[in-house]
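J.: Sequence:
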Amino acid sequence: MAPFNYSRRSIRGDTTSGWLKTHMLSKMNRVYGSPSRETQQGHVGHISKHMWALRDEVDPVDVPSFQLESTDQGDTEYYGYTVQIFPLWDEMTGDLQHDDTEVQNLNARLQAHNTSPPKQRCRGSTKSIEFEKLRRIGRIPIRIKDNARGASHDYSHIFAERCTYIVKHFANLGHKSWMHVPKEDKEELYARVVGDFVLDWNRLEDQECVKHQMHEAFKSYKYKLHRIYKKFRTSEIARTNPPDEVDIETWLKLCTQWEDDDYKALCKKNATNKSKLVINHIAGSKSLHRLREEKRDEDCTVIEFYKRAHTHKDGSWVDDKAKNFYMVKLQNERYPTKKDEGIAEEIVAGVLGQRSGYVRGMGKSVIPPPSSASRSSKVLHLTRQVESYKSEVDYYKKAYNDLTSNVEVLNQRCKDYEDKCHEYDLKLEYLYELLAGQSQPDGNTP
8 MAPFNYSRRS IRGDTTSGWL KTHMLSKMNR VYGSPSRETQ QGHVGHISKH
58 MWALRDEVDP VDVPSFQLES TDQGDTEYYG YTVQIFPLWD EMTGDLQHDD
108 TEVQNLNARL QAHNTSPPKQ RCRGSTKSIE FEKLRRIGRI PIRIKDNARG
158 ASHDYSHIFA ERCTYIVKHF ANLGHKSWMH VPKEDKEELY ARVVGDFVLD
208 WNRLEDQECV KHQMHEAFKS YKYKLHRIYK KFRTSEIART NPPDEVDIET
258 WLKLCTQWED DDYKALCKKN ATNKSKLVIN HIAGSKSLHR LREEKRDEDC
308 TVIEFYKRAH THKDGSWVDD KAKNFYMVKL QNERYPTKKD EGIAEEIVAG
358 VLGQRSGYVR GMGKSVIPPP SSASRSSKVL HLTRQVESYK SEVDYYKKAY
408 NDLTSNVEVL NQRCKDYEDK CHEYDLKLEY LYELLAGQSQ PDGNTP
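Using this note's numbering, you'd call the opening residue of the sequence shown number 8 and step up by one each time.
Treat the hints with care, as some may be off.
To be verified - Dumping the calculated DSSO-like pairs for lysine-lysine here, alpha-carbon to alpha-carbon at most 27 angstroms:
| id | residue 1 | residue 2 |
| --- | --- | --- |
| 1 | K193 | K134 |
| 2 | K175 | K193 |
| 3 | K281 | K229 |
| 4 | K238 | K175 |
Derived from the structure by calculation, the hints contain no laboratory data.
Work out the full structure: start from the sequences and follow the hints.
T.: Laid out in structure tokens, this is it:
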């Protein structure tokens, strides 16, 4: 066989497809190994079982042999090029070398590359530059109003991005849902959020905000990964092509979950329920609670805000406008000269209905009023807390009394010690006086 050239110059050529050839050759070097030094210098080197030749319509180029696993001659598609396989004859034995295992592995890899979805140019993952700048100064302040579980501060988008980042890099995505994540793991994730933002963990609204945002971030990120999984033609191809930000072990667990029949039935049921949604809003990715806080000066009541959130710029409605007209009519008939927020909320609840754990017309960022059952359970929980606090108060009160009595004993001992010291001082003065009298000379002494 004639020697073949491996020089960079002959590979690139003068055609527009030269860079693609060089790029593909570098890929093959990384995957299958580089040729030997003799081969690079232009000598014949039997370093593998085959030689691959890239056939381009403009500038055909020969590529040195690599450790590839195939024994059949013919054309094969690889990265958009037509690859022709030429078997090398073993000069020593005169037989072709075969390895069925290597052939099967290569065919599987070629099929995976040919059937993988093309990567589109899109916005890359966030680098949290704004968060890093603010974090250098200190913990980032977040404002959460009463009866809300969504941040309404200017840094609310940074708060959401940070929660998503923590879920991506520190959460175990192998769990079926956020409810199945162990409590210890959740507490660790919550602590990371509290360490970056100014939050009062003893306040109910702050706790609900962090828990709600982490739940949404976990659900949204798994949904994003599921969309990537569904782009592949088969599950086998999907399993061999995990995203860059997910390790292979976690990706295989997720694929197993998505291939489960019960999970598929649940997804189908959720899609059917989602299609029945008739009330949409125009706030986009911004939460209704945040939009409400921004437009509070313009919208006096929740009824007026409902109109803003469900109408386009031209005034057209995105849902059934009779509901809004009905609410306004109820308000005018009940109190024609008074606009009160409490009355408006009562009318909205009466028209749109109520749902456990959710306020219709205001989104998930608002804490709903507790039901009778939840109110009673909360009262029971608070009662138990009061009892535990009372026992703690009794314990510390007893400890305080013990310390007080000990201090009194010490004070009495100090007083006794001072009295004794004073008595000793008087005795010493008396002794000094006696010694001084005895040391004086007598006048009759010669």
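J.: Run every hint past the structure and note whether it holds.
T.: Results of checking the hints against the structure:
no.: 1; hint: K193 x K134; result: holds, 24 angstroms
no.: 2; hint: K175 x K193; result: holds, 14 angstroms
no.: 3; hint: K281 x K229; result: holds, 18 angstroms
no.: 4; hint: K238 x K175; result: holds, 21 angstroms
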